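Student: Here is how the chains run, residue by residue.
2 protein chains.
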Amino acid sequence: MREIRRIQDEARRTAAVKRPRWPMVILRTPKGWTAPAEIDHHMVEGSWRAHQVPMTDVAHNPAHLQILDGWLRGYKPEQLFDEAGKLRAELKELPPKGERRMSANPAANGGLLRRALLLPDFRDYSVPVEKPACSEVENTPPLGRFLRDILRENANNFRVFGPDETASNKLSAVYEASKKVWLAEYFPEDADGGELSRDGRVMEILSEHTLEGWLEGYLLTGRHGFFSTYEAFVHVIDSMFNQHAKWLEIGKKLSWRAPIASLNLLITSTVWRQDHNGFTHQDPGFLDVVANKSPEITRIYLPPDANCLLSVADHCLRSMDYVNVIVADKQMHLQYLDMDAAITHCTKGLGIWEWASTDKGVAPDAVVAACGDIPTQEALAALLRAEFPDIKLRFVNVVDLSKLMPDTEHPHGLPDRDFNSLFTTDRPIIFNFHAYPWLIHRLAYRRRNHDNLHVRGYKEKGSINTPLDLAIQNQVDRFSIAIDVIDRAPRLRDAGAHAKESFKDQQIECRRYAYANGVDKPEIVNWKWPF
Amino acid sequence: MREIRRIQDEARRTAAVKRPRWPMVILRTPKGWTAPAEIDHHMVEGSWRAHQVPMTDVAHNPAHLQILDGWLRGYKPEQLFDEAGKLRAELKELPPKGERRMSANPAANGGLLRRALLLPDFRDYSVPVEKPACSEVENTPPLGRFLRDILRENANNFRVFGPDETASNKLSAVYEASKKVWLAEYFPEDADGGELSRDGRVMEILSEHTLEGWLEGYLLTGRHGFFSTYEAFVHVIDSMFNQHAKWLEIGKKLSWRAPIASLNLLITSTVWRQDHNGFTHQDPGFLDVVANKSPEITRIYLPPDANCLLSVADHCLRSMDYVNVIVADKQMHLQYLDMDAAITHCTKGLGIWEWASTDKGVAPDAVVAACGDIPTQEALAALLRAEFPDIKLRFVNVVDLSKLMPDTEHPHGLPDRDFNSLFTTDRPIIFNFHAYPWLIHRLAYRRRNHDNLHVRGYKEKGSINTPLDLAIQNQVDRFSIAIDVIDRAPRLRDAGAHAKESFKDQQIECRRYAYANGVDKPEIVNWKWPF
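If you read the sequences in order, they're chains P and U.
Remember, the working numbering sits 69 above the position in the first sequence when you count from 1.
Remember, the working numbering sits 69 above the position in the second sequence when you count from 1.
Chain P on its own, in the form it takes in the complex:
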């Protein structure tokens, strides 16, 4: 203890942080210490046999019962307990009192130590959106500036985690508040952009396991954190996520355990933008793993733009005892909602976008729904207004995936009456989804209109395609969605043949251009909402 104090004092006095050799006590014992040395001439204490129940037949085997009797008497119960079977008073005096007991140490019930984060107003980081889907920004940098100021306001209980990707995920603004922690050797060139510091609060290491472990320990001891990681490789921590979610679920039921900060995961560098990395980096399946865990614990958000991402992140950072999974790509994307509209939209979790819909006051020909940044853009570009000026389409955007479940299955679930009025009970629904399409069916299969629900999503088709080519291969592109609408909306089925033909021609032409030029056609890349 004196050595620990000495190290701490020196660091505080001299401000010369280095990596200390913390003293520790190692108690090394035989495996199964105090078990019988041998049973039936087989070694037990100190051997692998002590890993399981050493004797399973004591009820029927008197020789084994005798060994068990001797073993238990070896603990000398007559010296430990009085005649009434109570622990003797002098022994009761031995253990430490109050918070000195290991089980009552507040750091072992970290919620007791948790202080709410001091959060700046996330609206101050908003990007201007004058007209929906007409301007582009990268979606994550505004969040980076928000996180930077959270780091500034909470210099002792908030850290940012990422597998060497804080910059790659375009959250580099955090370095204006705090650097990457690095206690080892420094080189002169590190001063130029290395963003290293001995007391940094940005935790980076190319090991999702280590980061998840650090973050869980940090949360469990009463602090707050934010973890950003590549979508395909968040599967590395599937098993750790599972166990943390199980822990949270049980912890919530224990009256004495204080709530801890939620585990906040930003999943970025997503499946739809892998023109450098390709097929290995395309796996949006972590959401399927998350959706298997208790609805009391799990929250999944797919904000379509930068303002929605800010609103969702603020909500997640204020929450407790959840695992919040936010899916948002880091690259340039169309912006749909100004901050007020984003807050309203994210608070509802899903909703009709009036400006994109043409069915006000009438029953729609079809409902076009989208969840995720790229799927939203492609669905908006598929609304067939030029081809059918009298078309009646309803456009629904989904941010909070749990809304698709019934309210009897998830606390965020939408009641059937609301789901039915949004998605209708008899019109075709074309749903463009960020991840594997069957997840939407798994969430919505109890809904009345489920037979009319047609979902597009990633189907494990891809390489280092251009964004549009990848979308076409998986049928989440604007042309495929428009064709789906024509195929499913009865009024368009025959009349739509010409338009369908033209969309197929355009798909072929776009793929031809992409293969020849390595990039998508400018009218695709620069597409804006034309109305």
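The hints are simulated quantities; they were obtained by calculation from the structure and are not laboratory data.
Treat the numbers as computed from the prediction; the structure is a model and nothing was measured.
Check each hint, because a few of them may be wrong.
It does not matter which identical chain is used: a pair holds within one copy or between any two.
[Stated by the list, open to error] Below are the EDC-like pairs computed for lysine to aspartate or glutamate, each with C-alpha atoms no more than 20 Å apart in a straight line: (1) K248 with D459; (2) K461 with D428; (3) K429 with E318; (4) K530 with D390; (5) K528 with E318; (6) K100 with E114.
Given the coordinates of chain P, work out where chain U should sit on it, guided by the hints.
Tutor: Just chain U now, kept in the frame of chain P:
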């Protein structure tokens, strides 16, 4: 090379295997070696900046274009290529020829080296089943004896892998053919049951990552393997599975790449038998991860008994270029099919069990389906014959999960006409499933009778419950399934109220007994098919 030969010769001559220090050459280069040392006064070669594209604006920035030009000229193309741009003849002579080229080394295209396994007749390991569901055995030991003899017949190209669980998973018969490989220190007590050997072919280490890596390397270099692991912790290798499945899918499309042996995974110590380990060991969600990958690659089998497990394992060990996932618990279970019936059943992948059905020649009141060992037992005990002597129920067992998908989605998928005749187009289906219930909806949502499909499965409810108590909590128990049938079959809805009441009473009584005694009632534990 001489040192490698010396080590090999010595081992072969003296048979004294030890852990050699293989010689190796380490080439350590600066990161981004040969890149410009600096760009715009920022260090590039030897720094993290060399990880990304060092200059992205050469099309518009003449200074950067000049740096790029100098960089590329640094490779001296004029010395490497002739006037026609072809590699100079004397340089072409330098690389090794034929299989000495790294890319043409047969070990890098392991399928070329693969020899088919010599497989004993799996029928020789069958367990006798005179009457269905009347006798119990542990499901994995017969497979252990089959694997033992495969090890004997294939002493150079087959290994068994497991995270210290070969014995725990009741496959210990393999040690009769080969021991756990262990090259480090030996103690005298290891001779008593340690099952260690310097040339063992059973690979055990408590690291699913290491095992999966070993196995992938072994398969990719032309050999065969079998990996058994605990169900909840197979999630540890989710990400590695994903990448191997992607590799196989691409590899299949390359004409020059020879097929390799399938990756065979036995998932055991399953969710429904965790009365020692509890909630942390309950996670059947790996199947959801597997089902996201290409249907060309993935196969999922849930054999209900020991003979079916043998038949499935034999099929998997003969296959190539798949990931075969077999789910089967290791404990005592009822046996349903003799070997001939098991082969027929597993070859079809799913089917009606005549002996358990009462609807022959008429339309059933309901279809009761089951997939997995415990769900099959509980569904069989729920068939309501005593309560309704005239009941018409069809019993369907599913071994091959992909059968539930349409044949347009998976090569094993059942055509609609077959699915419709098995599951009807208008009768209620009560489906008792091993894993998370929504996976069945995700596979079968396109089927005509999907609206009548009611699935039970693990719902993330559990602790160290007795088997029946755990089943009741998740509603996969006999009483819940019987109640489901009463609730869903129109003819039983009113008449069944008394039976339903009795089942609810029995659930309460069974849970009371389990809590008081720590085990299930003898009539539950010893239940046999009574007809």
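Student: Each hint should be assessed against the structure and marked as holding or not.
Tutor: Okay, the hints, checked on the actual structure:
no., hint, result
1, K248 with D459, "neither (56 Å within a copy, 75 Å between copies)"
2, K461 with D428, "within (4 Å within a copy, 49 Å between copies)"
3, K429 with E318, "neither (43 Å within a copy, 46 Å between copies)"
4, K530 with D390, "between (36 Å within a copy, 18 Å between copies)"
5, K528 with E318, "between (32 Å within a copy, 13 Å between copies)"
6, K100 with E114, "within (6 Å within a copy, 51 Å between copies)"
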